[in-house]
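**Student:** Here the protein sequences line up with chains V and C, keeping their order.
With the first sequence counted from 1, adding 1254 to any position gets you my numbering.
With the second sequence counted from 1, adding 17 to any position gets you my numbering.
Because the hints were derived from the structure by calculation, they are not lab data.
This structure is a prediction, so every number in the text was calculated from the model and none was measured.
For every residue, glycine included, the Cβ atom is placed at its ideal position computed from N, Cα and C.
Any given hint could be a false lead.
To be verified - Cβ-Cβ distance ranges computed for the label pairs, FRET-style:
| # | chain 1 | residue 1 | chain 2 | residue 2 | range |
| --- | --- | --- | --- | --- | --- |
| 1 | V | His1287 | C | Ala89 | 52 to 62 angstroms |
| 2 | V | Glu1571 | C | Ala89 | 42 to 52 angstroms |
| 3 | C | Ser41 | V | Arg1677 | 38 to 48 angstroms |
| 4 | C | Gly185 | V | Asp1513 | 29 to 39 angstroms |
| 5 | C | Tyr149 | V | Glu1708 | 50 to 60 angstroms |
| 6 | V | Pro1273 | C | Glu146 | 46 to 56 angstroms |
| 7 | V | His1287 | C | Met18 | 55 to 65 angstroms |
| 8 | C | Gly44 | V | Glu1346 | 22 to 32 angstroms |
| 9 | C | Gly44 | V | Glu1400 | 51 to 61 angstroms |
| 10 | C | Ala151 | V | Ala1535 | 14 to 24 angstroms |
| 11 | V | Gly1652 | C | Ser41 | 33 to 43 angstroms |
| 12 | C | Gln196 | V | Asp1513 | 50 to 60 angstroms |
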Amino acid sequence: MPVALRPGMQIGGFTLVTPLHEGGMATLWKVSHPQQTLPLLMKLARVGYGEAPTQIVGFEVERMILPRLAGPHVPRFVAAGDHEDQPWLVMEHVPGETLRPLLDRAPLPPAVVADLGARIADAIHALHRQDVVHLDIKPSNLLLREGDAEGRIVLIDFGLSRHAALPDLIAEEFRIPIGTAPYMAPEQVLGQRDEPRSDLFALGVTLYHLATGERPFGNPVGAAGLRRRLYRDPMPPRALRPDIPRWLQEVILHGLEVDPDARPATAAQLAHSLRHPEQVALTERADRAHRDGRLTVMRRWWRNLGRDLMPGHAAGEHLRQAPLLMVAVDLKHADAALCAELRATTTRIAAMFPQSRVACVTVMRTARVALDSNLDAQGRNRHVKRLIALRDWVRPLGLAPERISVHVLEHNEPAVALLDYARNNGVDHLIMGARGITGMRRLLGSVSARVVAEAPCTVTVVRATAREGDAGDAGE
Amino acid sequence: MRIAFIADLHANREAGEACLAALSRAGHDRLVLLGDLVGYGADPEWAVEACARLIDDGAIAVLGNHDAAVAAPGGGTDSGTRNPMAEAAIVWSRGRLDDAQRRWLAALPLQVEEEDRLYVHANAWAPGEWGYVANALAASRSLAATAQRVTFCGHVHPPGLYHSMPDGPARAFTPVPGQAIPLLRSRRWLALPGSAGQPRDGNPAACCALYDTDTLAMTWLRVPYDHHAAAEKIRRAGLPDALAARLAEGR
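Start from the sequences and build out the full structure, keeping to the hints where you can.
**Tutor:** Here it is in structure tokens:
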């Protein structure tokens, strides 16, 4: 018998306060607890007579996965239990609204779409790092945390998610593809549930909708309608809204590629593109003006007829295969041997991870204040010069343009600038050179030592192998 | 309550001591030995004496097919199908134990039920006939044969986990060591901690597991131990060399 819920009732030490939502799989209540100061939410699975046993699976999945998740991009797990036959789950009640209402205001300005997209990608990346693929990314599952100065997005509803180290209850109980029709990635339509880049496709659908006001694949019903996205390409966003910049169309259509391997490798790489429009390598996607012709579509349809599943990846492992590499280049004190060594190390690491992206960064020291407009113009000029020098520096690496970007940071503390960049862009591996020990370095402290000590990621410090007679450096 | 599980110890003292130390470090309130305390390994006396002491301290042990066969000729009804290597180890082990030790082994129960849990060596449908829970079909059969919500068993040496909706078929999952899995009350489960004394999934580290009855979290552990020493003892005892060699390979 399902338990009749009413305000004031006690479940697992929590007091039911007010009902918030009656959903298909669960009921939500605002609850309180004498020892908890966080606003709390209780999710109760709908069980009992008349409910298919499969109703409970999404709830079970969330109950298994949520306690394993941490960080600002997910609601905090508080407790779970069973009240008689009624399973329940208590989590932080994240204050704020979902992105669902934004769809009614779409199309939104491209800058707004890019900013939101980058923040959503940050949240997805944080989840993938914890070995979980969400598999139901859509505006109503993306929450803007109220009063968060950093504007972080919180992912909610892990009922369809997949954790690489937990049994996949969804795959085992359902023989049909499970997801939200407009957002499902093609491989998800085919039943695959271990592809982290399915979440990037869903993000692509979300960005398309926010930027154009239209859904790229409509809202199909039935298996045949869902499969259409395997061979029918969406209308290019710029064909609907010519004011969308080419780079944004490039990023959106890149996310909507049918083959997961053709999408950006990670959410961090997608976020990086959205945050650095000038660095997006434009391809044929940027200029696409109309959908493919009938013949092309027919050919694709034919090819996809017997299409089967590809083996997927555990999310965390996939991320390790596609790191965001950052190379810190010191243009001012270029030492030829060290420079060659830094390039060689970068080439080796980039070759080890063919799906990686390389961000080449240099820091330009600035005066603390630059009020003088003359000085400002000079600064811009210096900035452009550095950018040109940096492009010249990366050219011998011979990396494809979509794998590399160059960035000139302006800061009076090079170590701080490098650390901020690594943190803000989710860099996985930072490569930099160590200069010899000079009197100057002794005085100021070493940039690389500070970066090594404080970096949020792996750091490789490159040295030119000391030659005979170089000992003077150390003995100075 | 935190329950520690050791299955298929197989008279491997080095593995057993390493598992007991690891489980003590992790902390537990109860220990369950899932059968096959002896057979294969070179330390049957130690296995019997150590397990008897653990039972005195509150541990639970169930009878395994090797235990039954060592305790009495013809004691394991699977003797007809047993391979010559296992048979040699059983005969050798029987000779090493005295009457009291053999009687102690023979007196172990086939299964023990506790709250919503069943502890049994082989399976729930015919515990004394030693059929293996080697796939989801066998797991479904075993789950259907008991009213208990969670079955813990051994006999099959690789670690494993099966789960089902109340009346549904069982599904298989390979647990990842150190990653806790909640055995949700809405489901029925059959958990295989994996063999402590004779791992066979290609990893020589000993298997054991922990289950927390409050959080429902089940955690599989892998404990590296001195398998060279255990293998050397097997060779010195004159047991088949393959029994020693497989410890290093985890096969």
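**Student:** Confirm or reject each hint.
**Tutor:** Evaluation of the provided hints:
1. Here the CB-CB span from His1287 (chain V) to Ala89 (chain C) is close to 58 angstroms, well matched to the stated 52 to 62 angstroms.
2. Separated by about 50 angstroms at the C-beta atoms, Glu1571 (chain V) and Ala89 (chain C) satisfy the suggested range of 42 to 52 angstroms.
3. At about 41 angstroms, the CB distance of Ser41 (chain C) to Arg1677 (chain V) agrees with the hint of 38 to 48 angstroms.
4. Distance hint check for Gly185 (chain C) and Asp1513 (chain V): the Cβ-Cβ separation is about 35 angstroms, which falls inside the suggested range of 29 to 39 angstroms.
5. At about 54 angstroms, the CB distance of Tyr149 (chain C) to Glu1708 (chain V) agrees with the hint of 50 to 60 angstroms.
6. Against the hinted window of 46 to 56 angstroms, the Cβ-Cβ separation of Pro1273 (chain V) and Glu146 (chain C) comes to about 53 angstroms, which satisfies the hint.
7. Look at His1287 (chain V) against Met18 (chain C): about 24 angstroms separates their beta carbons, and that is not inside 55 to 65 angstroms.
8. For Gly44 (chain C) paired with Glu1346 (chain V), a C-beta distance near 28 angstroms keeps the hint of 22 to 32 angstroms intact.
9. The beta-carbon spacing between Gly44 (chain C) and Glu1400 (chain V), approximately 41 angstroms, falls outside the hinted interval of 51 to 61 angstroms.
10. Distance hint for Ala151 (chain C) and Ala1535 (chain V): a CB-CB separation of about 52 angstroms, inconsistent with the stated range 14 to 24 angstroms.
11. Between Gly1652 (chain V) and Ser41 (chain C), the C-beta spacing of about 56 angstroms breaks the proposed range 33 to 43 angstroms.
12. Evaluation of the 50 to 60 angstroms hint for Gln196 (chain C) and Asp1513 (chain V) yields a failure: the beta carbon distance comes to about 31 angstroms.
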